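Here the protein sequences line up with chains A, B, C and D, keeping their order. 17 is the number of the first residue of the first sequence in the numbering used here; add one for each residue after it. 17 is the number of the first residue of the second sequence in the numbering used here; add one for each residue after it. 17 is the number of the first residue of the third sequence in the numbering used here; add one for each residue after it. 17 is the number of the first residue of the fourth sequence in the numbering used here; add one for each residue after it.
These aren't lab readings, by the way, just hints derived from the structure by calculation. Misleading hints may appear alongside valid ones.
It does not matter which identical chain is used: a pair holds within one copy or between any two.
In silico DSBU-like cross-links for lysine-lysine, where the CA-CA straight-line distance does not exceed 30 Å [said to hold, decoys possible]:
| # | residue 1 | residue 2 |
| --- | --- | --- |
| 1 | K32 | K192 |
| 2 | K66 | K39 |
| 3 | K39 | K101 |
This structure is a prediction, so every number in the text was calculated from the model and none was measured.
Number of protein chains: 4
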Amino acid sequence: MIISIVYDSGYGHTKKIAEAVAKGAKQIEGADVNIIHIGEEEYPWETLEKSDAIIFGSPTYNGSISAKLKTFFEASTRAAWMDFKWRNKITAGFTNSGAYSGDKLNSLITMALFAAQHGMVWVGLDLHPANPDNPLPTKDLNNLGSWLGAMAHSLNDSPEVTPGESDLKTAEYLGKRVAGITSRFIK
Amino acid sequence: MIISIVYDSGYGHTKKIAEAVAKGAKQIEGADVNIIHIGEEEYPWETLEKSDAIIFGSPTYNGSISAKLKTFFEASTRAAWMDFKWRNKITAGFTNSGAYSGDKLNSLITMALFAAQHGMVWVGLDLHPANPDNPLPTKDLNNLGSWLGAMAHSLNDSPEVTPGESDLKTAEYLGKRVAGITSRFIK
Amino acid sequence: MIISIVYDSGYGHTKKIAEAVAKGAKQIEGADVNIIHIGEEEYPWETLEKSDAIIFGSPTYNGSISAKLKTFFEASTRAAWMDFKWRNKITAGFTNSGAYSGDKLNSLITMALFAAQHGMVWVGLDLHPANPDNPLPTKDLNNLGSWLGAMAHSLNDSPEVTPGESDLKTAEYLGKRVAGITSRFIK
Amino acid sequence: MIISIVYDSGYGHTKKIAEAVAKGAKQIEGADVNIIHIGEEEYPWETLEKSDAIIFGSPTYNGSISAKLKTFFEASTRAAWMDFKWRNKITAGFTNSGAYSGDKLNSLITMALFAAQHGMVWVGLDLHPANPDNPLPTKDLNNLGSWLGAMAHSLNDSPEVTPGESDLKTAEYLGKRVAGITSRFIK
């Protein structure tokens with residue numbers, strides 16, 4: 017089972033989330049996880065075609081996904097969409113920005129619309145929003161209250177400082193969940 | 017395998033689409049299909065809990081799903097969401113309005129966000145947009161060009177007249193696709 | 017200058033925000049402010065037709081505006097939309113939910129689409145997201161990071177406790193901003 | 017009164033719509049209209065800062081605005097957003113794609129969210145959807161049924177052929193409407 021995580025990251029915050037998603041995915045037996053940082057190499061179309069799941073990640077800049085991730089989306093038209101090479105792959109998304117809400121939802125929606133165009137199957141988060149009164153583990157997960165995908169919040173500081181513990185654990189949960197559903201789906 | 021179609025319909029146009037979705041779902045072996053017209057009976061929570069897939073349908077009124085379907089959504093908070101009774105069910109959506117585009121996308125997005133809150137797994141359309149130059153069958157399917165779910169277009173006339181052939185065939189395709197993926201997923 | 021605030025509130029949290037918006041609007045000279053709690057009275061179509069600005073507010077339930085506000089939206093089709101009685105009125109929106117992000121953006125988008133259908137002119141927030149390093153007053157305003165409209169966050173407690181100070185001040189800012197722009201526009 | 021139209025166009029279809037918007041804007045007395053094709057020159061920040069209205073246009077590719085327009089959006093963070101240089105400017109949007117609906121709404125929403133972040137004031141279309149039974153002129157305008165902004169539909173052919181007459185007239189109407197409202201607003 018191959019899980020690929022395709023993401024862009026401007027200053028390293030989204031990269032940290034991508035790594036947390038990967039950590040979660042690896043917890044499912046048989047998961048072979050690729051982390052692909054868009055722009056650092058050729059787009060790996062063959063790896064993506066062989067993947068059972070592709071998870072997209074992006075900072076939210078100016079109310080939507082980054083231009084770099086969008087450039088990759090556009091390149092996928094010829095490389096994958098024309099022949100529906102990603103049809104029925106499991107997919108999900110995550111995003112980060114410098115505000116608790118901050119139009120992040122529009123980035124996740126934009127990813128979900130893109131994935132739907134490819135005929136992919138979208139998985140979100142089955143988590144109540146974080147609340148001190150919740151039973152564990154949802155007490156601490158899903159701090160921002162997001163379901164379509166995982167959201168994280170970073171300040172203008174080092175990725176060592178933000179995103180915080182809850183956001184990283186939520187991303188890890190998403191990765192594990194996607195790998196688990198993929199495992200069930202490809203049997 | 018139980019597939020439930022939960023929809024609202026003001027004048028019968030969306031009802032016709034719901035029936036087309038059901039017709040498609042029944043083409044998959046083993047599919048037991050329920051059509052639930054919201055508001056005509058008690059909300060069938062037990063049937064929904066037993067369902068392997070739940071497909072949502074609504075007219076697009078004033079830029080979003082109907083208040084009647086939204087009322088059902090709100091009732092699901094206690095009936096299903098608190099305990100994640102719909103977790104990992106397959107889901108999809110369809111909508112109809114009196115314009116080719118007509119903010120229908122917002123209705124589908126609103127359904128997808130609702131379904132994600134329930135931890136459901138969203139399936140869209142793996143179809144190129146209709147075009148005379150397309151190879152069959154996508155020559156005639158997906159006339160409006162929608163992927164997150166199925167869209168249909170009706171005029172202020174009898175449901176006998178609109179939605180048209182392509183929209184109904186697209187809805188049928190969606191039903192079959194959802195049932196097929198559900199069948200694969202629950203094995 | 018007449019400013020009307022049309023809102024729904026389930027447990028009183030959104031009502032508090034509506035009052036904060038009203039407080040802000042009244043700070044502009046000549047502003048006559050109506051607060052209309054949907055469902056407590058007949059829909060006041062005449063007041064709305066005479067208004068120079070209409071601001072919409074709703075809790076975010078299940079990923080979108082409340083069914084009660086949506087019911088009002090649907091009633092406006094005959095009462096106002098057919099003859100574009102709200103054409104060119106200034107408009108804005110606010111929403112509240114029990115999570116920092118919590119799909120609130122979809123509620124604001126749904127309001128903005130509705131308002132656009134009516135030919136209204138949409139005003140959002142010209143505020144940087146809250147940050148301790150910001151110059152005043154944006155240090156404390158816009159805590160959740162929203163621009164299309166004002167967002168607030170409440171817990172399952174008394175409206176006396178949440179929404180918090182920043183969210184209420186942000187709502188007040190929105191009211192003042194809408195009234196100020198309306199004042200400029202109707203001259 | 018300065019109206020600027022900032023757009024991207026891949027094959028010339030969106031360019032034709034931009035020209036129709038400009039044609040409409042010029043019908044308002046005193047309107048000085050700039051058409052800015054993103055990517056063909058340096059981003060004209062000074063012209064934009066002096067503009068009373070900025071209208072955004074983009075093809076819808078893969079479910080959202082083009083990466084080229086998004087790159088411009090991101091550049092505006094330092095050039096305009098930090099100091100709210102576009103605060104209270106009138107704004108609007110248009111988009112084109114190869115399907116009647118085709119996720120175009122997400123492009124318009126993405127533009128509206130971006131504009132809201134800049135503190136701009138959004139104007140849409142006050143038009144009923146096209147219908148043979150409508151009174152003129154809305155009989156022929158707004159063929160696709162869009163309000164947040166103007167939508168157009170093009171095939172894979174020459175921009176001489178598509179977008180069609182109704183879409184171009186609708187774009188022209190939007191340009192005139194934005195210029196008219198801007199004229200009223202800046203007095």
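These are the hints, each one checked on the structure:
no., hint, verdict
1, K32 with K192, "within (16 Å within a copy, 40 Å between copies)"
2, K66 with K39, "within (20 Å within a copy, 33 Å between copies)"
3, K39 with K101, "both (26 Å within a copy, 27 Å between copies)"
Comparing the model with each earlier hint shows no violations; every hint is respected.
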